[in-house]
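> Residues per chain, in single letters:
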Amino acid sequence: MKDLVGLFPYWAVALLMMTGLYIVIAQGNLVKKLIGLGIFQVSVFVLYIAMGVVSGGTPPILETGFVTYSNPLPSVLILTAIVVGVATLAVGLALAVRIRESFGTVEEDELLPLTEPEAPADAEPHA
Amino acid sequence: MIGLLAALAAIAVAVAFMRDLLVVAMLSSIFSFACCALFVLFDAPDVAFTEACIGAGVSTVLTLAALRLTGRQERRSGRPATAIAAMVATVCGLALVYGSLDLPRFGDPRAPANGHVAPHYLTRSEGEIGIPNVVTSVLGSYRGYDTLGETVVVFTAALGVLLLIGGAQARPGKRGEAPARADRDVVLRAIATLFVPMTLFLAPYVQFHGAYSPGGGFQAGAILGGALILYGLVFGVERLNRLVPEAVLRVIATLGVLTYGGTGLVTLALGKGFLDYDAFGTRPVGQQIGLTVIELGVFMTVGAVMTLLFQRFAGRGEA
Amino acid sequence: MSVLDHAPVLVVVLPLLTAPIIALLRSARVAGVATFVVAALDAALAFVLFARTLDGSVISYAMGGWAPPIGIEYRIDLLSAVMACLTSFSAALVAWFLPVSIAPEVTPGDRPRLFAAFLLCLAGLTGMVVTGDLFNVFVFLEISSLATYVLIAAGAGRDRRALTAAFDYLILGAVGATFVVIGIAFLYVVTGTLNMADLGNRLPLAGKRAGVVGASFLFVGLALKTAMMPLHRWLPNAYTFAPAAVTTFLAMTATKVALYLMIRLAVLVFGTPDEIGRINFATVLPPIGLVMLIAGSALAVVSADLKRLLAFSSIANLGLMLVALGLGGAAGIAAALVNLINHAVIKGGMFATVAGIVHRRGSSRMDSLAGLSREMPFAFVFLMIGGMGLIGVPLTAGFVSKLLVVKTAFDLGQTMIAAGVLLSSLISVVYVWRIVEACMIAKPAKPGRRHDVHPIFAAPMALLGVGTLALGIEGGPLLDVATRIAAALTGGAS
Amino acid sequence: MSGAGLMLAALALPLATALLIALVGERRPDLREAVTLAGATALAITVALMIAGFDSATAAPLVLATLVPGFSLTLKAEPIGLVFAGVASGLWILNSLYSIGYMRAEHAPRQTRFYACFALALSAAMAIALSGNLATLFVAYEILTLVTYPLVVHWQTEGAIEGARRYLAYLLATSLVPFMAALVWTWVAAGTLDFTPGGILAGKVSAALMPVLLGLYAYGVGKAALMPLHGWLPAAMVAPTPVSALLHAVAVVKAGVFTLLKIAVYIFGLPTMAAAGDWLVWVAGGSVIAASLIAMTKDDLKARLAYSTVAQLALVTLAVALGEPLAIAAGVLQLVMHAWGKITLFFGAGAIQIATHKKKLSEIAGIGAQMPLLIVSFLGGALSVAGLPPFGGMWPKYLLLEAAAGRHMVLLVVCLGLSTLLTLGYLLPVVITALFRKPRDEDPHALPDTGHEPSPLPLLALLPPVITAAGCILLFLAAPAILAFIAPAIGLETLP
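Residue numbers (our numbering), protein chains in the order written: chain A, 266 to 392; chain B, 3 to 321; chain C, 8 to 501; chain D, 16 to 511.
Check each hint, because a few of them may be wrong.
[As the list claims (entries may be wrong)] The calculated label-pair distances, taken between Cβ atoms and stated as ranges, are: (1) C:Pro484 / D:Ile60: 49 to 57 Å; (2) D:Pro473 / C:Arg367: 38 to 46 Å; (3) D:Thr211 / C:Arg367: 35 to 43 Å; (4) A:Gly369 / B:Pro199: 30 to 38 Å; (5) B:Arg21 / C:Asp418: 53 to 61 Å; (6) B:Pro121 / C:Ala469: 54 to 62 Å; (7) C:His461 / D:Ala53: 34 to 42 Å; (8) C:Gly63 / B:Val93: 37 to 45 Å.
[What the hints assert, rightly or not] Calculated from the model, a selection of chain C residues having no Cβ within reach of chain B, i.e. all distances over 12 Å: (9) Ala30; (10) Val37; (11) Ala47; (12) Leu48; (13) Val107; (14) Ala161; (15) Ala222; (16) Ala305; (17) Leu306; (18) Ala311; (19) Ser370; (20) Pro384; (21) Trp440; (22) His458; (23) Arg491; (24) Ala494.
[Stated by the list, open to error] Covered stretches of chain A, going by a simulated chain C footprint (3 or more residues, C-beta under 8 Å): (25) 318-332; (26) 340-352.
No wet-lab data here; the hints were simulated from the structure. C-beta: ideal position from N, C-alpha, C; glycine also.
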C-alpha cells in the first residue's frame, strides 16, 4: 500500500483532466467549452511534468556541484504543447465570435435548430 | 504539493458549475497560475515561465476580449449531455488510474524515462552545445524540428484568426469600445507608463539569456506581446494599432518563421543536414550561433502573433 | 549531398516555408499560381521518395544531425512514400482549380491567406506521414488540424453553417489531439523514448497495463481523426459546408492519413499487426467497420445534399478499410491499402466534379441537380464513373477494392464478414441510383441550355476519372506495391 | 484474320457502332439507323467466320487485362459460346430493323441513346459469349445490367421509372451478393476461375456444401429469372417492345441461362452437377408449371409473354440441373429455339400495338382480318415455343424427355408433357381471339374507339416477324447440325 501513495499525484491529475473533459462535453456555451478544453490541456501538461520529476533533483540547468537533474524532455514537449493550446484557443474564440455575429447566439441548444442539415443554405450576412 | 493539487481540483469543479463567464475566465486564469506554481515545484521553471506568460496571460486576455463580443451570461437550458459527459469522464478517469498502476512512482530516479534518452542530454549537452540550460538546448537543437513545427502552429493560428475576423472583413460591431478615459483611470495609466517600458526591456533579456537561465524564444515573445497588450488595454487599441500597425506585425511574424526555416535551409546549403548547426562552426560555437538565431525567429513570431491576436479581437467590436 | 538526398525533409519544409511567403502576397492570382507550383514541386519530391523506396529500402534522415533516439528522425519506407505521394498529388490536383472554385466564397483580399492555410494543411499531413518520431506526429497533426478548421470555416461565404461545422470539428479535434498526447505520455514514461522504431523494441519489456492504456488513448484519439462510427459526427457537416475544393482535398487525404497512423502504430509500435497492446484489431475493427459500412450507406440514402451523401459514403468506405485492416495479417493490410488508394481516387474525382457543378449551379442540393445530364454531360459522365466506383461495378477501382476484401475474408474463413460487406454494398446501389435519377430523370424547372463545367475543372476530373477506370482495369501494380508494403510491415515488425 | 483478331473484332464492332451512333446523334436519324444496321451485319459476319473457322485445338485464350493477379479478362472461343454469339448477332439485325419501324411509328424521344445502349448491350453479350473464365463473364454480366437500364427506363414515365428501379434492384442485388459470393468462393476453393472442360470444382468443395454453392449460383444469376427471383422480368415490360425483344430473346435472358450452362459444364463438371443438382431439378420443374399457370391469367399480351419466358427459361435450368450431356444439349438448343420463337411473338405483339394501339387480349378480338400474315407468323412462333414437330422448338423438348426417361424420372416426364400443353394453353387463345372472334360492339370491356383509325402496319414492323417464323422452321432442319457442332464440348457421344 505504501507505494500507492507515490501514485497519488497522477490520480489527482487524472481527476483534473476528467473535470476538464466533463466541461467540454457537458456545457452548452461555446466559450465555456473552450475554457474547459484549456483546463483539460493544462492538466495534461501537469501529468507530463509530474512524470519528469526526479526526487532530490534540481531543474535541468547544468551547475557545478549538482549531480541529479530532473528530466528535461517533458519540459521541452510541454513548451510545445502550451503554444498549441493557445493557438487552438485563439482560432476557437475567433470562430465563436463569428458564430455569435452570424447566428446571434453561442449556446449550442439554440444553435441546433438553426443548423438543421435540411435547411436551405443561406449565405452568411456579411459585407 | 498536495495543497496545490487540491486547490486546482476545487477551481476546476467551480469552473464547471459557475454561470457567469467572466468569473469562469478569471478562475481559469487562476487555475493556470496555480499550475505555474506546481511546475516550479516540479523543477520545470521554463514551463512555469511560459505557462504564466502564455497560458495565464495571453489566453485570459483573448478569452475576455471574445467574451466582450459574445456575452457574459451562460444561458443554461436542459442539457441531456451531462449524463454522457459524466460517463465518458469516469470511464477515461478509470482508464487513467488503471494505466498509472504500471507507471514508475512519482520522482523515482530509476524510472525508464530517466534511463534512456534523458541522460544523454544531461551529460553530453555540455560538451556538444555548451550552454547550461539543457531545456533550451534540447528545445533548440536536439528537437529543433519540433520547435520549427511549433512556430508554424503559432503562425497558422494567426493566419486563421486573420481569415476569420481579419482586417479585410472588419465590420462595425454593435458594442462601443471603452478606452480608459484619461480623467478617471489615472492609477492605471501611471502604472502602465512605468510597467510597459520595463517589460519591453525584460523581453530581450529573457530571449538572449535563455541559454543560461530559464527562458527563450517563446517566453520572450510572450512577454513582448504581454507588454504591448497592456499598452493596448490601457491606452486603447487605436493607439496600439498606430504604434504597431497590423501589416508590420504580419511581416514580422512571417520573417520569424522564415528566419527559423531559413537557418535550416542554410545548413542544407552548407552541406549539413536540415537544422544541423554544426554547419556554422566547430561543435559548441556553431550550435550556439544556430540556437541564438532560431530563438530570435521564435521571439519575432510569437511576439508579433500575440499582439496581432489581441488587436484583432479588441478591434472587432469597434472601428 | 545533392538536393534529392534531402527530399525527405524538403517534401515537408517546402510547403511549410512557402506558405508564410504566399500569405504576404498582395494579388490573389499570383498567390493561386504560386500555390499550384509549390504543390506540383512537392508532388515531384514525393515521387522521388517513392522511386527511392520502391526497392524496399528505408530512408532514415536525422534532423539536426542528431542520431535517432536522441534527435528527431524521418523514417520513410514504401508506405510513407506512397502516402506522401497521395497527399501531395491530391494537393496539386486541388490547387489547380482552388482559386476558381473558392472565388464566390472568399474575398480577394483574403485568398492569399487561404492558399497559405491550404499549403500548411498539406505540410502538416505530409509531415505526419514521413516522420518517425511520435511527438513530431502530434506537432504536425496540430498544424494540419488548425489549417483544416480555417479552411472549413472559409465556406461561410456560401453557407453560414460552415462556422458551426468548423467549431464542432475544432472541439472534437482538440480533444482527440489531447488524447493522443496522453497516449504519448504513457508510452514515453514506460519506455523513455519517442522514436517509433525504438519504442517498438522497448515496449514489450515495459509494463503491460501502461502500454495498453497508452495504446487505447492513442487509438481513441486517432479513431476520432478517422471518423470512426461513434466519433464521426464532425465529418458530414465539415464535408458539406466546407468549400467544395477543400472538401475534395480533405476527402482524399485527411481521414486516410489518420488511418495510415493507425496502421503504422499497430505494426511498428505495438509489434503484432493484429494487436494494439491488448486491443486486438481482429476483434475490435471488423464490427466497427461493418457498422460504419451499413450506417454510413443508410444515412447517405436519406441525405438531401450531394456533398452530405458523398460524406456519408466516405464514412462507409472507411468502414470497409477498417474491416480489411481488422482481418489482419499481410493480406488484410494490403487490402486496406488498396482500398485506401482506390477510394481516394474515386471520391476525389466525384468531389472535384461536385466542385465544378457547385461552381456553375451554385448549390449541390439533390433537387437542384435536375437536368444535369442534358446541361452538363461532361460532369454527368464523371459523376457516373465515380458512382459506379462506389457501387463496385467491375472495371472500376471500387470493384478491385471490394473483391480484395471479400477474397481475403474468404481466404481466412471469415464468411460472415464477407457476407456483411457484400450485403452493405447493396445499400450503396440505392444511394448512387438516387444521384442517377436526380441527374438524368428528374425534370428541370426550366430546361437550361448546355452550359458545361468551367474548363479548369476538366483536367482534375478527367485525371481522377481515368484513374478510377485504370485502377479498375489494371489493379495489378497497385496490389503489388501494397503487398510489398504489407510484407515489409508484418515481416519487419517481428 | 486469326481467331484472336476475330474475337477482338466481335467485341470492338458493337462498341464502335455505339460510338458512331452517339457522334451522329439526333441530327441525321437515317444515317444513324444505317450505322446500326451496318454494325449489326458486320458483327453477324464476324461471328459466322468464327463459327466456320472454329477448331477446338487452335482456340487459344486471349488475355485482355488482369484486374488482380488470378482475376483476368480473357477471351476464348468455344462451341456453346459461339452458338450464343450466333443467336445474339443474328437477331440483332432483325431487332434493329424492327426497332426502326417501331420507334418511328411511336415517335419515341431520345432514340440516339436507345440505339447506342443497344449496341453496347450487344458488345457486353459478345463478351459474355466469348468469355474464357468466370471473371470475364461476371464483369460483362454486370456491364450488361447497367447498359440495359437506360433502355428499360426509355419512356421515363412514372411507371417506367418504377419498373426500371425493380429491374435494377433484382439484377444488381442478385449479382452483387450471391453471384459474387459464389464466384469468390469458387476462386478460393479451386484456386482458379478458368473454364476448363470437365470442371474445376470436383472434390474441392465438400459434398454437403456443393448444393449451397449451386444455390448461390442459381439465384445469383438473376438473369435466368428462376422463380421467386423472377420479378424483374414482368417489371421490365414497361420498356418499348424492341427492348423487350432484346431482353427476352436476343441478349439479357439468354446471357443468364448461358451463364448457368457454362458454370455447369466448365466449373462444376457434369458428374458433380448431377450429384448436387437434385433439388434444383424440382425447383425448376415447379417453376415451369407455376409460370405457365400465371401466364394463362394475364390479360396484357406482353405480361403473358413475360411469364412464358420465365417458364421456358426454367426448362433450361432444369436441363442444367439434370447434369446429363443429353440434357445440356437440350439446354443449348432450347436457348436457340426459344430465342427465335419468342422474338416472333414479341414482334407480333409490338406490331399489334402499333397497328391497333391495343395491348390487352380482350381487346384484340377480330383484328386478324387487318393483318392475316402477322397473325399466322405469330401462330408459327407460338407453336415453336410450345415445341410442336414442324418447328425447331420440338428438339429441346424431345431431348429433355429422353434425358428424363434415361434417368427414370417418371414425374419429370409428366411435368414436361404438361408444360407443352400449358404453353399451348396460354398462346393459342391469342391467335384464336384475333382470327375467329368477331369484334362485338357491345363487348363490355371493349375500349371506346379513341377516334383514330388503325394506322397501316409499316413494312419494317411486318417483315421481321415473318422472317423469324420462317427461321423457326429452318432451325427444325438445322438442329442436328448445331448438335454436331456442340457435341465434343459437352461429351455427347451418340447423336440421337
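> If a hint holds in the structure, say so; if it does not, say that too.
Results of checking the hints against the structure:
{"no.": "1", "hint": "C:Pro484 / D:Ile60: 49 to 57 Å", "in the structure": "violated, 38 Å"}
{"no.": "2", "hint": "D:Pro473 / C:Arg367: 38 to 46 Å", "in the structure": "holds, 43 Å"}
{"no.": "3", "hint": "D:Thr211 / C:Arg367: 35 to 43 Å", "in the structure": "violated, 53 Å"}
{"no.": "4", "hint": "A:Gly369 / B:Pro199: 30 to 38 Å", "in the structure": "violated, 43 Å"}
{"no.": "5", "hint": "B:Arg21 / C:Asp418: 53 to 61 Å", "in the structure": "holds, 60 Å"}
{"no.": "6", "hint": "B:Pro121 / C:Ala469: 54 to 62 Å", "in the structure": "holds, 58 Å"}
{"no.": "7", "hint": "C:His461 / D:Ala53: 34 to 42 Å", "in the structure": "holds, 39 Å"}
{"no.": "8", "hint": "C:Gly63 / B:Val93: 37 to 45 Å", "in the structure": "holds, 42 Å"}
{"no.": "9", "hint": "Ala30", "in the structure": "violated, 6 Å"}
{"no.": "10", "hint": "Val37", "in the structure": "holds, 16 Å"}
{"no.": "11", "hint": "Ala47", "in the structure": "holds, 20 Å"}
{"no.": "12", "hint": "Leu48", "in the structure": "holds, 15 Å"}
{"no.": "13", "hint": "Val107", "in the structure": "holds, 19 Å"}
{"no.": "14", "hint": "Ala161", "in the structure": "violated, 7 Å"}
{"no.": "15", "hint": "Ala222", "in the structure": "violated, 10 Å"}
{"no.": "16", "hint": "Ala305", "in the structure": "holds, 23 Å"}
{"no.": "17", "hint": "Leu306", "in the structure": "holds, 21 Å"}
{"no.": "18", "hint": "Ala311", "in the structure": "holds, 26 Å"}
{"no.": "19", "hint": "Ser370", "in the structure": "holds, 23 Å"}
{"no.": "20", "hint": "Pro384", "in the structure": "holds, 37 Å"}
{"no.": "21", "hint": "Trp440", "in the structure": "holds, 37 Å"}
{"no.": "22", "hint": "His458", "in the structure": "holds, 32 Å"}
{"no.": "23", "hint": "Arg491", "in the structure": "holds, 28 Å"}
{"no.": "24", "hint": "Ala494", "in the structure": "holds, 30 Å"}
{"no.": "25", "hint": "318-332", "in the structure": "violated (count 0)"}
{"no.": "26", "hint": "340-352", "in the structure": "holds (count 5)"}
Hints 1, 3, 4, 9, 14, 15 and 25, counting from the list given before, are not met by this structure.
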